[in-house]
Amino acid sequence: MKLDRDIQYPTHLHQDQWEKLKQFTDARIALGRAGCSIPTQALLEFQLSHAQAQDAVYQNLNTAYLTEQLKDHSLQSFHVNSNAEDKETYLKRPDLGRQLSEHSKQILIEQSIDSQPYDVCIVVGDGLSARAIEANAIPFILSLNKYIQQEGWSLAPIILATGSRVALGDDVAQIFKASMLVMLIGERPGLSSPDSMGIYYTWHARTGCLDSARNCISNVRPAGLSILIATQRLMNLMKESKRLGLSGVDLKDEHQVPEFQHIDQPKLLF
Numbered sequence: 001m002k003l004d005r006d007i008q009y010p011t012h013l014h015q016d017q018w019e020k021l022k023q024f025t026d027a028r029i030a031l032g033r034a035g036c037s038i039p040t041q042a043l044l045e046f047q048l049s050h051a052q053a054q055d056a057v058y059q060n061l062n063t064a065y066l067t068e069q070l071k072d073h074s075l076q077s078f079h080v081n082s083n084a085e086d087k088e089t090y091l092k093r094p095d096l097g098r099q100l101s102e103h104s105k106q107i108l109i110e111q112s113i114d115s116q117p118y119d120v121c122i123v124v125g126d127g128l129s130a131r132a133i134e135a136n137a138i139p140f141i142l143s144l145n146k147y148i149q150q151e152g153w154s155l156a157p158i159i160l161a162t163g164s165r166v167a168l169g170d171d172v173a174q175i176f177k178a179s180m181l182v183m184l185i186g187e188r189p190g191l192s193s194p195d196s197m198g199i200y201y202t203w204h205a206r207t208g209c210l211d212s213a214r215n216c217i218s219n220v221r222p223a224g225l226s227i228l229i230a231t232q233r234l235m236n237l238m239k240e241s242k243r244l245g246l247s248g249v250d251l252k253d254e255h256q257v258p259e260f261q262h263i264d265q266p267k268l269l270f
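Using the UniProt record's numbering, read the sequence shown as starting at 1 and increasing by one per residue.
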């Protein structure tokens, strides 16, 4: 029997020539290699990121924590559910995540009976990353609320929605008779971004709104788009939307990012 010669690969770590580019991106580049494989540390970091992304999807939204945080800042809130009763149903039936449960709908109708139409309605949905909402929603709402008060706009009670998709906010805005809907939702986690929050804005949102009627601001997180810039971009959209009476594909984001000094050095993306 003929035996093949055993090939011995070098065991020392080979550095990649792209190493310097790693400071500009979260992407997995310049990992180097050990023999014919990637280094053990890089493999473990990949497995950790994959586990964090899975955890973000299956993590339940801590509505009690969010409610207390909002209460501490004198903001009223209500917790509602979609027709997706659990995570498995939510992932398999996107249509159910777009609908308020009948019980939740009745709660909001009772709360809105004696209220006047609102200018702004904020709905906070867990989406595909409850972690993103718990990390970013409260700071963003507080930042946005300052601008809302400066404009003299009325703000509806904050709605915390579990098992929610973006379109669930349309039902809420219609019940509250709100002119402007701001939907905050956890985005699908990437392997380097399990904490990314998306913002969807709709003018005169109503049940059955098309996605073309929405404007989206994505990747709001410490390593992505900052709370400050996201708030400024959204306010620019809201002011133009109110002036023109529309949103979506007909409303362009022409916000110019002003120069300002960072307190901390931001983590750059490629």
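Some hints here could point you the wrong way.
Unchecked claim - DSSO-like cross-link-like pairs, simulated, lysine-lysine; straight-line CA separation at most 30 angstroms:
1) 87 x 146
2) 242 x 252
3) 92 x 22
4) 239 x 146
Quick caveat, the hints were computed from the structure, so don't treat them as lab data.
Sort out which numbered hints this structure fails and list those numbers smallest first. The structure conflicts with hints 1, 3, although it agrees with all the remaining ones.
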